[in-house]
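Visitor: Mind the numbering: the sequence shown is residues 133 to 297 in my numbering, read in order.
Treat the hints as calculated values from the structure; they're not laboratory data. There are no misleading hints in this set.
Under the rule of at most 35 Å between Cα atoms (straight-line distance), these lysine-lysine pairs were calculated in the DSBU-like manner:
1) K208 - K192
2) K178 - K251
3) K208 - K178
4) K251 - K205
5) K251 - K192
Restraint-style ranges between C-beta atoms, simulated for each label pair:
6) E182 - K251: 26 to 32 Å
7) G266 - D295: 33 to 39 Å
8) E228 - G266: 33 to 39 Å
9) G214 - L171: 16 to 22 Å
All values reported here derive from a predicted model rather than from experimental measurement. Beta carbons: idealized from backbone N, C-alpha and C, even for Gly.
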Amino acid sequence: MRILGIDASLRSTGLGVIESAGGRLAAVEVDTVRNSADLPHSVCLKTIYERTAALVARCKPDLAALEGGFFFKNAKTAMILGQVRGVVIAVCAAAEIPIYEYSPRAVKQALTGSGGASKQQVARMVIGMLGLRGELQEDAGDALAIAICHLHSRSGIAALVPDPI
133 MRILGIDASL RSTGLGVIES AGGRLAAVEV DTVRNSADLP HSVCLKTIYE
183 RTAALVARCK PDLAALEGGF FFKNAKTAMI LGQVRGVVIA VCAAAEIPIY
233 EYSPRAVKQA LTGSGGASKQ QVARMVIGML GLRGELQEDA GDALAIAICH
283 LHSRSGIAAL VPDPI
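Using the sequences provided together with the hints, build the complete structure.
Guide: Given below as structure tokens:
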């Protein structure tokens with residue numbers, strides 16, 4: 133099974149595909165879509181769309197997992213993230229890939245056993261579980277963590293897997 137993890141952000145979207153086969157877990161491809169602050173939002177969204185669609189075409193994931201459950205005091209920030217999420221959800225929908233959503237706390241819990249784990253603790257677990265060497269870019273590591281979270285939710289109690297969005 134191949135799972136695409138997505139850490140959506142206008143300026144730095146993390147994408148990571150993992151594969152689980154025969155009890156082994158491996159990273160297939162990892163990418164961070166970076167957009168500079170001087171680019172118009174429409175150009176950023178187009179870049180995220182193109183890079184996500186290309187990765188989906190290359191890696192052919194069976195499903196996708198997206199981080200969700202955010203609450204923002206700033207409406208503009210919430211709207212921008214909503215636009216990015218809409219783009220990646222549309223890419224997955226066009227490829228007929230079911231997409232699941234997990235809160236940041238659920239991702240941390242699935243990987244470390246603690247919903248209050250630090251980003252560094254989560255990154256160490258991702259590196260260890262996938263047998264990676266060196267450091268991961270933060271957003272790419274988060275994307276891999278989200279994908280692993282879905283895999284762990286599937287292998288645990290079935291009630292932990294949410295309905296696709």
